[in-house]
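Chains A and B, in that order, are what the protein sequence lines are.
Here the first sequence stands for residues 1 to 278, where the numbers follow my numbering.
Here the second sequence stands for residues 279 to 487, where the numbers follow my numbering.
Beta-carbon label-pair distances, calculated as ranges:
| # | chain 1 | residue 1 | chain 2 | residue 2 | range |
| --- | --- | --- | --- | --- | --- |
| 1 | B | ASP404 | A | CYS105 | 40 to 46 angstroms |
| 2 | A | VAL150 | B | THR381 | 18 to 24 angstroms |
| 3 | A | LEU275 | B | ASP322 | 49 to 55 angstroms |
| 4 | A | LEU99 | B | ASP322 | 32 to 38 angstroms |
| 5 | B | ARG351 | A | GLY93 | 26 to 32 angstroms |
| 6 | A | GLY267 | B | ASN439 | 34 to 40 angstroms |
Simulated from the structure, these hints should not be mistaken for lab results.
The C-beta atom is built at its ideal place from N, Cα and C for all residues, glycine as well.
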Amino acid sequence: MSDLLAILAFSWMPLAGALALGLTAPPLGAVLSLRDEILLGLALPPVGTAAVVAAVFCGVPAENTFALYLCAVSAILIVSLLLPRRQGQRASGRWRAALLAAIFCAGQAATILMSATSTRVEAHVRHMLRGELLAIGGAELTAFLVLTLVLLGFGFIFRGMIYALALDEEGLAIKVGAGGVGTLLTFRALAAVLIAAGVIWIGPLLTLGLLAIPTMLRERRVQGLGAHFRAVMLIGVLSVLLGFLGSIALDLPPTPMVIALLFIVGGLSLAIRRLSAA
Amino acid sequence: MTTTHLLKVEEGCWGYHLNGDLFAPARPVDFEIAAGEILLLTGDNGCGKTTILRGLLGLVRRKSGRIAWGVERDDLGYVPQESVIDRSVPATALDIVRSGDPTRWSRGRDAALEALGRVDLAERADTPFASLSGGQRQRALVARALIGAPRLLLMDEPTINVDAPSARRIGDLLRELSRSRGLGMVITCHVKTWIDADREVPVRAEVTA
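In isolation and in its complexed conformation, chain A is listed as follows:
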């Protein structure tokens, strides 16, 4: 027990950062899934990663994580804004899915190429981009926690607009006019801000896992939108906490432990719901 506390005293910042991501990424993933855009959650972290590597490749100090963060936000925002909207055969859902898979590949390939051609990149960035939770310091954690509060506050206050955007974007545009476009742009910007923060300070694998797994496990158990969003947030937070503790206890890397716990906690929540319904 004293060993556990000693390790926690040393690594509470990464845990706090991961918990913040566990609160915010799952509901973002839920919105993306409702909009049939969950593959954005797959494609955008590699875009952010590639932007970070490109920045270091071009001379940005690897220690300047805020500069790297701005590069990642910019790249993710540009890609998500340039993504063609579904418009019949011109940009069908299937074609968009293929495009996002291609963007994923391009981001991964660019990262590997730049890492391979620059020892500076390879040395300084590799630990950050392997999903290590130890890549967050005091200043970054403060910024991330402020970002978390802003996102949660925005999400709660404007949840009606977000739900409408998720369910029927065209209906929202008809209802609120130009405000519908503003809502979409704001959503894209906040998604870029969060995904970039997750990629830089928590790790791309855990970011993707928190985006996709909770909503995948819960979406088919309909309880209403509010309950759905609360459930995915609870799965995210519990999985991060238990996964982190499990990684300490078993002396295993924290990211895959959290991923495993996402499936376990989510699966348990489904089982509990089925038992209570029966």
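Place chain B on chain A using the hints.
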């Protein structure tokens, strides 16, 4: 005596960009609608009925004609086909209806329940949207449009995915809403037997060389 119209269209024609040109699938139409009236835009599949409706909603560009609105944008309600909402979403009927007034979500529960009551779905408020029948889903979308207290409803093929008895039930509901609340309705459809409308405007496809 003058009749205050909610909407008046003179030689209205709307289209979308195709191969660099603005293609209008339908010939220009003329119609006007007053409070409490139900007007059907009828025609074959592909004649451009939906394009006219989307043009009135500002979703496609107007090619020609004049439009005179007797209502504000906030007084306009839109009812799409029930297939527009992915039926697998983890939302209840109440969620779907509340999304019709997204800026007032936190205060909209009572209004949404009232709207569901008007379409005889109050007892289904907490039912998953996916579990509703096609007719019930369509009625939920009518309730979604009603939550904003509109004066004019634009509806796109509301019975296209619905069986005949359910379609007739929707038609009776709309007639009752029109009479009791003075709602004007412009409805596109290619089958007319499901509703007792006041007038019909046939839409004809534009002839292309």
